[in-house]
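Can you build the whole structure from these sequences, using the hints too?
Going down the list, the sequences are from chains A and L.
With full-length UniProt numbering applied, the first sequence covers 1 to 393.
With full-length UniProt numbering applied, the second sequence covers 1 to 393.
Just so you know, the hints here were simulated from the structure itself, not pulled from any lab data.
Ideal Cβ placement from N, Cα and C applies to all residues, glycine included.
Errors might be hidden in some of the hints.
[Said to hold, decoys possible] One side of the interface only, derived from the structure: several residues of chain L facing chain A at Cβ under 7 Å:
#	residue
1	M223
2	H227
3	P250
4	A252
[As the list claims (entries may be wrong)] Computed footprint of chain L on chain A; a stretch qualifies when at least three of its residues, placed anywhere within it, have a C-beta under 8 Å from a C-beta of chain L:
#	region
5	58 to 70
6	190 to 200
7	240 to 254
8	279 to 285
[To be verified] Heads up, incomplete: computed chain L residues facing chain A, CB under 10 Å, no partners named:
#	residue
9	N10
10	E15
11	P67
12	S74
13	R93
14	G102
15	Q104
16	Q105
17	L107
18	Y138
19	Q144
20	F199
21	K256
22	D265
23	R274
Number of protein chains: 2
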Amino acid sequence: MNPSDLPQPNWLLSERARKLTSSAIREILKVTERPEVISFAGGLPAPATFPAERMREAAERVLRDAPGAALQYSATEGFLPLREWIAERYRVRLTQVLITTGSQQALDLLGKVLIDPGSRVLVETPTYLGALQSFSLYEPAYVQVPSDAAGLVPEALVPALTREARLLYAQPNFQNPTGRRMPVARREALAAFARESAFPVIEDDPYGALNYRGEPLPTLLSMAPEHIVHLGTFSKVLAPGLRIGYVIAPEALHAKLVQAKQATDLHTPSLTQRIAHEVLRDDFLDTHIPAIRTLYAAQCEAMLGSLARHMPEGVSWNRPEGGMFIWVQLPNGIDSMALLEAAIAQHVAFVPGAPFFADEAQASTLRLSFVTVPPEQIEQGVARLGQLLRERV
Amino acid sequence: MNPSDLPQPNWLLSERARKLTSSAIREILKVTERPEVISFAGGLPAPATFPAERMREAAERVLRDAPGAALQYSATEGFLPLREWIAERYRVRLTQVLITTGSQQALDLLGKVLIDPGSRVLVETPTYLGALQSFSLYEPAYVQVPSDAAGLVPEALVPALTREARLLYAQPNFQNPTGRRMPVARREALAAFARESAFPVIEDDPYGALNYRGEPLPTLLSMAPEHIVHLGTFSKVLAPGLRIGYVIAPEALHAKLVQAKQATDLHTPSLTQRIAHEVLRDDFLDTHIPAIRTLYAAQCEAMLGSLARHMPEGVSWNRPEGGMFIWVQLPNGIDSMALLEAAIAQHVAFVPGAPFFADEAQASTLRLSFVTVPPEQIEQGVARLGQLLRERV
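In structure tokens:
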């Protein structure tokens, strides 16, 4: 008998839980786990970038030298030497740093602490799906901020739009899903806005270290250190399976986030925090990150080449300067959700663009990840997508 | 300059965050981290019970044999072989099992999915402080269910009390904070109630394996497998620093918990789940748990002996048959919060009873943990407490 056919108690759920609907896309994308599927869907870092041997040695040392502490309950704020490492790297106060169970948890905690039902929450157009999922559990009213190829348009932040908002959420570096990067002038304008604003500007920065062309741009945090809430993660530069992120916030907000985290999972695992800190020693990232950049830059180039070779007239895409994603614009009238079903039949997968919009979804868009699949398969997969699109334009 | 003296942005917080107040007790208990303090406050398992060498070997194997998977993103539901292990041990369906980032996260997810502001939530008198902290973020109206030395009184669950409730939360085994255990007849009555109830009965069972006298009693889950939501954890039988708990729930609720968890932290770390599963192989717990029981039973006896030797007339306590805690009743009029301040000055700590009550706190109670501190120090610490009390009765 299928478990879902069993008689189930008909318990009353919370308002927020009743609004949760099983995602159609999530169901479709489950098939992408089959080995025959070439998946551009997941944002999975290439396992070749995981420093496995160094992790093994770090775990060995941590469990040999400090097993009692590594296996015991620990402080909600996080492992002190890891927090110190972060404070030093970002030139912020230790008292601003909270370790989270992945960046995703930082989003949940910010939702908990800042959003009431109906609170206005400002997001980019489009924005990170996972942030929408986290915030939505606190039942906000989303306000999409006009955005273009260079990201959020600061001039659009007029009082009529921002009134009574509780937060603004943005990814200035190689945004998920569009891969776009906000230029310095816009960062300065957004930092200035943050300094004057009655609510925090959240700078979510999972991809900042992955810049392939030119220089890294300064963070919003560096421009307005007392007014930006900055989220970082080790998922893209070490390994996502550790689930270690961090949030840097002014002390008054930090204190509330710590209290919320204590109620949420007490603390991030002591063991993984200590392993991460051990791996980071001796400036490991200074040599490791360039190696990731080289690999991903080549895969990005491979995908851009494949797209140029195989996409029909009328399909356009951006040339990301870093990160993991390319954003594709289909000719109007082609629904990427319907295209996904056809693509899955051809053993290729991507994520349709619609779920990344808080409102007024653009159905003729899609997101391709270039980091999980090697170049030969990128060529094959993009060729199949191109063929499907040629049949449709 | 003290960071808290810095000018801080005056951002508007959510209703739930504004209700969060810094716990006076938490501030006082921070000093218990000093080595000179004999602390009966924390519920910290004795590090001697952590299978450190086996953990080291497990980490070594996991990171040698499957580094790609152990360091990658993984399923929200949890590591499949670990879920299978749990399903088999509890004789439930795999589709009921969700791995959580410690049991604390299961409480947060249940709050998210079941509680609206003002929802009635039934709890024991007193109840686990961490559950109150988790649930409170969803702003329920608590209803204390009358309880006595044998735990929650099932006869008290009359319609006038249970009307419109969203959940009932209980710890039938060696409850935190009281150490009491619910006898079989009451379990049967509560399981029968769960089968007829319009809302779930949550059985939180962190201490069930730690029974020192007699036989383990059957779980509520075994009595009403389709109507009890059961929370378990590896924190007390392996190591809390892994932060691995689990929730067993009917599929309809399970599906909502999975969606809520995805929005909360995507998944529990892949690495720690695989290490835990590796440690559990070959029926490890069958030899490990009896060793923990032997150690803790001796420490429990030591504390009971010290209490008998040093406590003045008018102080009473229970004789727990398992778990980690003894609940102490002071003569009326002695406030355990004031006593704590005097005790800290003598380098002894405990947790005052008041915060464990959702309502109508009994100020003349306190909780002692007997698992963290070795017997010599138990004797010393209890002697000092006895002296302080003799000065007060």
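Hint check results:
For L:M223, the shortest C-beta to C-beta distance to chain A is roughly 15 Å, which exceeds 7 Å, and the interface hint is violated. About 6 Å separates the beta-carbon of L:H227 from the nearest beta-carbon of chain A, less than 7 Å, and the hint is met. With a cut of 7 Å, the hint placing L:P250 at the interface with chain A holds, because the nearest CB-to-CB distance is about 5 Å. Taking 7 Å as the C-beta cut-off, the interface hint given for L:A252 holds, the closest approach to chain A being about 4 Å.
Counting residues of the region 58 to 70 of chain A whose C-beta sits closer than 8 Å to any C-beta of chain L gives 8, which meets the bar of three, so the coverage hint holds. Counting residues of the region 190 to 200 of chain A whose beta-carbon sits less than 8 Å from any beta-carbon of chain L gives 3, enough to reach three: the coverage restraint holds. Counting residues of the region 240 to 254 of chain A whose C-beta lies closer than 8 Å to any C-beta of chain L gives 8; at least three are required, and the coverage claim holds. Figure legend: the region 279 to 285 of chain A, annotated as covered by chain L; annotation inconsistent (0 residues with Cβ-Cβ distances under 8 Å, at least 3 required).
Because the beta carbon of L:N10 sits about 8 Å from the nearest beta carbon in chain A, less than 10 Å, this interface hint is met. With its C-beta approaching chain A no nearer than about 5 Å, L:E15 sits inside the 10 Å limit, and its interface hint holds. For L:P67, the interface hint holds, the least distance from its beta-carbon to any beta-carbon of chain A being 3 Å, beneath 10 Å. Satisfaction of the interface hint for L:S74 is found here, the shortest Cβ-Cβ separation to chain A being roughly 7 Å, below the 10 Å cut-off.
For L:R93, the interface hint holds, since its Cβ comes within 10 Å of a Cβ in chain A; the closest pair sits about 5 Å apart. A hinted interface residue such as L:G102 counts as satisfied when its beta carbon comes closer than 10 Å to some beta carbon of chain A; here the least separation is about 5 Å, so the hint holds. The interface hint given for L:Q104 is met, as the beta carbon of that residue sits about 5 Å from the closest beta carbon of chain A, less than 10 Å. Residue-level restraint check for L:Q105 holds (minimum Cβ-Cβ distance to chain A is 4 Å; threshold 10 Å).
A least Cβ separation of about 8 Å between L:L107 and chain A falls short of the 10 Å threshold, and the interface hint therefore holds. Against a cut-off of 10 Å between C-beta atoms, the interface hint on L:Y138 holds, since the closest Cβ of chain A lies about 7 Å away. Annotation: L:Q144 was flagged as interfacial toward chain A, and the flag is violated, the nearest CB pair being 20 Å apart, outside 10 Å. Given the 10 Å rule on beta carbons, the hint for L:F199 holds: about 6 Å separates it from the nearest Cβ of chain A.
For L:K256, the interface hint holds, the least distance from its beta-carbon to any beta-carbon of chain A being 5 Å, beneath 10 Å. For L:D265, the suggested interface contact is upheld, since its CB lies about 4 Å from the closest CB of chain A, less than 10 Å. Below 10 Å, beta-carbon pairs count as interface contacts, and L:R274 has one with chain A at about 9 Å; its hint therefore holds.
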